[in-house]
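Participant: Sequence:
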Amino acid sequence: MSERIATVVAVTGKAYARNAEGLSRPLEAGDVLREGETVVTSPGGRVELALGNGEVVHILPEQSVLISAEMSAEMAASADEAAVTADAVDRVVQALESGRDPFDELEAPAAGLAGGGAGDGNDFVRLLRITEEVDPLALQFDQAATIEDPTIVGATGNQAPLVVDDSTSTEPGRTVEIDVLANDSDPDGDPLAIVAVAGEPISVDEPVTLPEGVVSLNPDGTLSFAPNAGFEGELSFEYTVSDGNSLASGQVSVTVDAAAADSQPLAVDDSATTTVGTSVSGNLAANDSPSLDGGNVWALVDAPDNGSVIVNADGTYTYTPGTGFTGEDRFSYSITDADGDVSIAEVTVTVVDGSSPPPADDAPVAVDDSVAIEVDEIAFGNLADNDTPSDDGGNVWALQTPPENGTAVVDADGSFRYTPDAGFSGRDSFTYTVTDIDGDVSTATVFIAVGVADSVPIAQDDEFTVQTGTTFEGDLAENDTPSADGGNVWAISQLAGGGEVVVNADGTFSYTPDEGYFGIDSFTYTVTDIDGDVSTGTVIIDVVDTDGVPTAVDDSFSTDQDVAFDGDLAANDEASPDGGNVWSLISGPANGTVVINEDGSFTYTPDEGFSGTDSFFYRVADADGDDSTATATITVNSTNTDPEAVDDGPLSTDEDTPLTGIDVL
0 MSERIATVVA
10 VTGKAYARNA
20 EGLSRPLEAG
30 DVLREGETVV
40 TSPGGRVELA
50 LGNGEVVHIL
60 PEQSVLISAE
70 MSAEMAASAD
80 EAAVTADAVD
90 RVVQALESGR
100 DPFDELEAPA
110 AGLAGGGAGD
120 GNDFVRLLRI
130 TEEVDPLALQ
140 FDQAATIEDP
150 TIVGATGNQA
160 PLVVDDSTST
170 EPGRTVEIDV
180 LANDSDPDGD
190 PLAIVAVAGE
200 PISVDEPVTL
210 PEGVVSLNPD
220 GTLSFAPNAG
230 FEGELSFEYT
240 VSDGNSLASG
250 QVSVTVDAAA
260 ADSQPLAVDD
270 SATTTVGTSV
280 SGNLAANDSP
290 SLDGGNVWAL
300 VDAPDNGSVI
310 VNADGTYTYT
320 PGTGFTGEDR
330 FSYSITDADG
340 DVSIAEVTVT
350 VVDGSSPPPA
360 DDAPVAVDDS
370 VAIEVDEIAF
380 GNLADNDTPS
390 DDGGNVWALQ
400 TPPENGTAVV
410 DADGSFRYTP
420 DAGFSGRDSF
430 TYTVTDIDGD
440 VSTATVFIAV
450 GVADSVPIAQ
460 DDEFTVQTGT
470 TFEGDLAEND
480 TPSADGGNVW
490 AISQLAGGGE
500 VVVNADGTFS
510 YTPDEGYFGI
520 DSFTYTVTDI
530 DGDVSTGTVI
540 IDVVDTDGVP
550 TAVDDSFSTD
560 QDVAFDGDLA
570 ANDEASPDGG
580 NVWSLISGPA
590 NGTVVINEDG
600 SFTYTPDEGF
610 SGTDSFFYRV
620 ADADGDDSTA
630 TATITVNSTN
640 TDPEAVDDGP
650 LSTDEDTPLT
660 GIDVL
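Per numbering that gives the first Met the number 0, residue 0 is the first one in the sequence shown, and the count goes up by one each step.
No wet-lab data here; the hints were simulated from the structure. Heads up, some of the hints might be wrong.
Across the chosen pairs, the derived CB separations fall in these ranges [said to hold, decoys possible]:
1) A181 with V451: 55 to 63 angstroms
2) D313 with D178: 26 to 34 angstroms
3) S509 with Q459: 17 to 25 angstroms
4) V341 with Q459: 34 to 42 angstroms
5) T272 with E237: 51 to 59 angstroms
6) V451 with N305: 56 to 64 angstroms
7) S331 with P218: 24 to 32 angstroms
Ideal Cβ placement from N, Cα and C applies to all residues, glycine included.
Let the hints inform the model, and build the full structure from the sequences given.
Facilitator: Structure representation (structure tokens):
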């Protein structure tokens, strides 16, 4: 990045800065001009610049002025160079008394200075002693020269600002805000603006880096000093203010010491919800930051208009709405530390009708950020810019995981500063949280590129094969190259024509072909990193129609004589992936009957009294007619047993007389 040369103090009419590529931007007070830019003024346009060495440059209408490092050297000569010696004064007086031309008595330099020097221009010129030769110039450099003669011909009459030195203290690693203009003033009543720190131009977008830390200009005109990690001690730096016509400088002294620093409490607004006639209690301290000085006491400042509240010294409170009141009520409270530092916040209480449900709980949403800076530069900004705070209120930003190659400070309002380690070049990151009043938390990551080129993601084309009637899952990120900037997100770009596709943020996806579809299908997707770089890839999907067939496997079962048997032919068969599988009988058994259901279940009934082996033949067919056959064999066990003889008798008869009529069975 090119060198900073000047800061715009004031603009009248229209003026622009044109870079080496020919691109122009309108100029406003506070803008920084860098070497190689050209300032162009319109008719009636004027620009006042503050150089880093304290000089002020005026650019007149309809001018085109190149900004270069040599501008500081192209100043008007000092008053010492223009001083007229005592001998020269005597000769001039004698020439005037005798009626001679005083210029004949003096060398050209003694008679005055060329206004502005180098032919670069003035819109007004101060004359020293005798006279000044004036060129039709475009620039004018105000100079802090000592002028012995109080009479200044052509002076504007403007008085310089009155600047008073400032001092403050802070803790190691903690940013401190300094309102240096609070005790400064301008005799002419002109507004004051800070234009330089330690001789370097400063603006809201361009902080100044000191050996001990970083000084930033805030939008409200105050300065912030962020000490480097590990720094403790005292330092001072010069700041320069402008009233639009002249400059003045003062000193700021800062003490960085954990013991010496005056810590401040920070009260954060809160919210609560209750129903009609119902008190609500809470803890105001939950999202506040007490002072490290200790002795923090919470107290009521302004009571609510539609109820009553008790605020305890530890921050707990109880609010009771007025009888029948519904709507929003408010009260304010303070935190005061041991040495009297005070912070005030407001609590909003929503009282709803008991018949209506209370508002749903809301949660904050933190979104990843990215920053690119040069080596040894400071990154600063506001994390809240792209986050969504919770509607519950009381949102507080805080550092979660510090960076590995520098230090980061995250303030409660989301503003942050990142200071890389000295000489570090590469990529760093830290995480932060946003927490609302009732404890809902969201986390995001800040990716920082220090002195490295912008990285872009690379999406690679993919090819997959899918069978009809099935859902395929895969990972697009597997062969892609994510951006080193971080925050890479995969997303569908153009939908598939022959099926449904879902692409998740991490690159995983699923594809389901439409019913009956087969052939080549495709869709496109994107990978987008944290700073918006995008790469697109194409996925080719070959949906193949693989004809499945069922497989019937022979079965064997057994039952007892005269006992029906239930079984399942499908238990060991393989159904077709085409679906629509149906089991049916081809030829029945010879010694019984069988009923086969479509799902493969069956009932076999043997003929009465039959025992032995029987069988039947069956088929399983799929939706497109593919079939397979098998045989089911059933063994019918006989239930007959051997006869049992039982002795009879004793029996008797007469000699030579047959015995008849006896039932031995």
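Participant: Could you work out which earlier hints the structure fails to respect and list their numbers in ascending sequence?
Facilitator: When the structure is compared with the hints, numbers 1, 4 turn out to be violated.
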